[in-house]
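Number of protein chains: 2
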Amino acid sequence: MEEQVSAEKSDGMKQEWVNLIRVFTCPEDEKTRDVLVHHMRQILFELHDFLIQNVGITEAVSLKEISDRCTDTVMNSLPEKRLADVVSGVFEEIAPHAVNVASPYFVGHMTAAIPYFMVHLKAIVAALNQNVVKLETSKMLSVVEKQVVAKVHRIIYQKDEAFYREHVQNTHTSLGSFTEGGTTANLTALWVARNRALGPVGAFEGVEVEGLPAAYAAHNIDRCVILVSRRCHYSLRKCGGILGIGNGNIIPVPVDRTNRMRVDRLAEMIEGFKKEGRTRVAAVVTVAGTTETGNVDPIPEISALCRKEGIYLHADAAWGGPTLMSETYAHLLKGIEQVDSVTIDGHKQFYMPMSTGMVFFKDPTSLDAVAYHANYIIRKGSVDLGSKTLSGSREANCLILDSAFKIMGSRGYGMLIDHGIELARSFAEEIERRGIFQLVTRPELNILTYRVCPAPFQEEMAQASPERILELNEHFNEVNRALQQEQREAGNSFVSRTVLELETVFPGFPEGKVVVLRSVLMNPLTTMDVLRDILDEQEALYADWLRGTSTRKGRNREDAI
Amino acid sequence: MEEQVSAEKSDGMKQEWVNLIRVFTCPEDEKTRDVLVHHMRQILFELHDFLIQNVGITEAVSLKEISDRCTDTVMNSLPEKRLADVVSGVFEEIAPHAVNVASPYFVGHMTAAIPYFMVHLKAIVAALNQNVVKLETSKMLSVVEKQVVAKVHRIIYQKDEAFYREHVQNTHTSLGSFTEGGTTANLTALWVARNRALGPVGAFEGVEVEGLPAAYAAHNIDRCVILVSRRCHYSLRKCGGILGIGNGNIIPVPVDRTNRMRVDRLAEMIEGFKKEGRTRVAAVVTVAGTTETGNVDPIPEISALCRKEGIYLHADAAWGGPTLMSETYAHLLKGIEQVDSVTIDGHKQFYMPMSTGMVFFKDPTSLDAVAYHANYIIRKGSVDLGSKTLSGSREANCLILDSAFKIMGSRGYGMLIDHGIELARSFAEEIERRGIFQLVTRPELNILTYRVCPAPFQEEMAQASPERILELNEHFNEVNRALQQEQREAGNSFVSRTVLELETVFPGFPEGKVVVLRSVLMNPLTTMDVLRDILDEQEALYADWLRGTSTRKGRNREDAI
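These protein sequence lines are chains A and B, in that order. Residue 438 in my numbering sits at position 373 of the first sequence; the count goes up by one each step and never skips. Residue 86 in my numbering sits at position 21 of the second sequence; the count goes up by one each step and never skips.
No lab work stands behind these hints, which were simulated from the structure alone. Some hints here could point you the wrong way.
Note that identical chains are pooled: a pair holds if it fits in a single copy or bridges any two copies.
[To be verified] Derived DSS-like pairs (lysine-lysine); straight-line CA-CA distance at most 27 angstroms: (1) Lys96 to Lys471; (2) Lys96 to Lys79; (3) Lys471 to Lys79; (4) Lys146 to Lys129; (5) Lys373 to Lys340; (6) Lys445 to Lys129; (7) Lys471 to Lys146; (8) Lys427 to Lys445; (9) Lys129 to Lys471; (10) Lys399 to Lys471; (11) Lys578 to Lys445; (12) Lys339 to Lys373; (13) Lys79 to Lys146; (14) Lys427 to Lys129.
Isolated chain A, as found in the complex (with noise of 0.2 angstroms):
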């Protein structure tokens, strides 16, 4: 009896290994085949009428009510679904939760439409499944990496076809490299940069070997800080931190109304630092389109300003980098060709999907501050791009942008990017014809923000005391805050909001903080009577608080933040 029963149980089991070897298998049949493939016809276009469902993140089913049917934490022991069922699954149980950030009336974020053969070019990344970490497991993709990474650089460096000729497949040098997106991109360049600030000296080996206690006292420093505009990203204050030179030494310098860096004060803050004498700057960090406003700094004086005093300096244009590939706007970034590094998002205006960075660097031998070996791979002088990326093994995202480049060539990402660009300026001529809404960052890239604020209040805030000041924008804060979380949850459409410092609106008022409403305009479905419907959806909720109806009052909010 027990032996027929460990027969059938070993049975039931071979016929699971069968199974399981079915899976990792090439199926040779038609009728497999025509389910399988099935299944992508209804990734590529039925996913997409459940994901329309909402734009926004809507209340419709609340956080609290989604999350109460992910709570079980049991894996299964056996299978429960086959592909079919967890394909329906992902689309009448997810998707329609999800956030359709491909919606044309997805303005908020920088996460939008991609095209549609940007699916296919993942699918064949994943079915390649190569690991660029190492030349044997990737071969020619290590090789592509090279060639694409060598192509944004020189749109961004223009240096000659003879540099190119040098770099572009030399095992001993690195123009740069694919990231996992922009907050690794950063990090990778301020790792060199803190790497060549504390390098060797004497017996001292260098920061990376012997830490940042020993670099100070080898350097004879008591401080090293990385000067960032007020403006930048969150991550270099973390990238900071994880270097071990402290968030707190990641200063930010001051910007003008513009938004961009105050070249004078960074030169003040540079002469302040050499004075006192024990403090390295070990980079300034400029920002080629800022997160919440989209501005770029003024690089060729700030790059002078560096050059002249030996400072490294690193560009973070995860934004807007793809902007030199506009005929019209590629100026908007001049001088970033003389920067040591840049940063560059794929899955932002390069329209790869999530996530991927790159990371570009000027001198070719930057990468070496940061190269490690091993026994079994990446060992000294192999091809291997593992030697030189942060991490180690990485998805070949190197073939999405390469085929996308063929595919639309840079005059189409120049094209969506003079349409961001030109519908911001249309946005903001529309905000400021309507009476009720303020303009309050002036679009140079294709990022502006603006609040409720009608005319009479911005006119009399414009000659009122402080206090009266401070009172009305607590009021408008509200306002705007609750006008978005409104409109998000009402789910046609979506802006996100963020807070700036008074003195954007007001000069020489820093005091206090603005809420703001901020539109990301990156999706080429995006147009004029999108913005305008946006618009009169957020005139209505701003009448319904006015008279008192909104929902939100009083409402208990577990998701409000």
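Model the placement of chain B on the given structure of chain A, informed by the hints.
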């Protein structure tokens, strides 16, 4: 005339814009849909046919030739290919020179076949294009990530139902997160460890804010070290460098003959640092599945020691973690429920596509040590996952693992683990059975190392003088190095090679290095028949070598590394 040209140009641009809009729009007509689906069919099935032309990175087309094809660095301005051309281009020009990591004969690295449905799941993630950095761009996917993280956490830590009910969807605590790979996971864990070891004290705000030199002063120490297994992954040294501790302060603890950390030596080292008084041990890192040999440290003993000494213990189970899903072999990782944090890679034995890692924390408040906030997202108290991750924007890979669990069950994963471990044992027997091989490291999980070294030489070395041992060893290093390259380039199969300390083979004899062949057995399609073929080929290559007919000799090699 000029006007006409301008009008034509404008018409041309209008058409370009229409084309551009089209790729962002879900096609309504069946014909277009069929074309897009056809390409997915090609990706699913035809890609395979091109990939299987070679297994390893053959010399059929040399790296130099491939590099020479990828030297154009001028980006095309106009679109030059349609998706159809890109897909066929990938098939014909790239896939044949990529590496067929999915082949059962590719047993050299931790990259292998993935189930077919993974390509669908990756396509879903791309099509949804959610960004889990914040709720506003992911909603339900943020919730799903918390649930999946909790499921794996439960497999590791086995806390009770009440614990998981409290934390699974708790927005104030975190059981861990997805990362882009093992390096980022290890870096996250050691970042937490560093910040806990050097936290706020008195007026000192903590290392994250004030940096390492200030932290050493405030904590009254001169040095901070992290003790790691000598067999640990190179990423841990890298983490030491990045975190500002210095990779020279990542101190290797000796291992025994089975490549497991010597707890006696660890205890001595900790004792030594305590006596000396000015060095803080910020963390110990134990390995559950060494990269080169697949061994597991004695976690219970290491854990008991660390608890006694109050030292943070991290487990790098990037490779071995999923062993916990095997009913038969989970015990190999016993004690892992006691460590403070655990790294597991998704793209290794969870069989997910590149690039996915995960990190888990026993204490759900651990990640508070590395929390960051910003005005426009991840505001304090929000549900936004980005507040406690190294990365910012991040794709929703949780959906892939969640679905894979549903399709395969923990039991399916367990069977894959069992297959690998049992196959490794049989392979070891076969290696020992054949007279010309020497098993260098016996498999504990599913990795083993061996080398060509015929029995008579093994016997001679067992009793030879140190000089003779080194001489013979050098000879076989040369043989095995050459043989691994020959086999790789022949393109039928692939094992990797690495270098181990001689002591592993000859106890008490630490001088010199042993070049070994390394097999990683994770592909369910790999059988003993396959492995026997691989050994046969190696025997034949060695016979060629002995006859002096090896093609290798005197060849000019540009990628011998």
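Which numbered hints fail:
Hint check: nothing fails, all pass.
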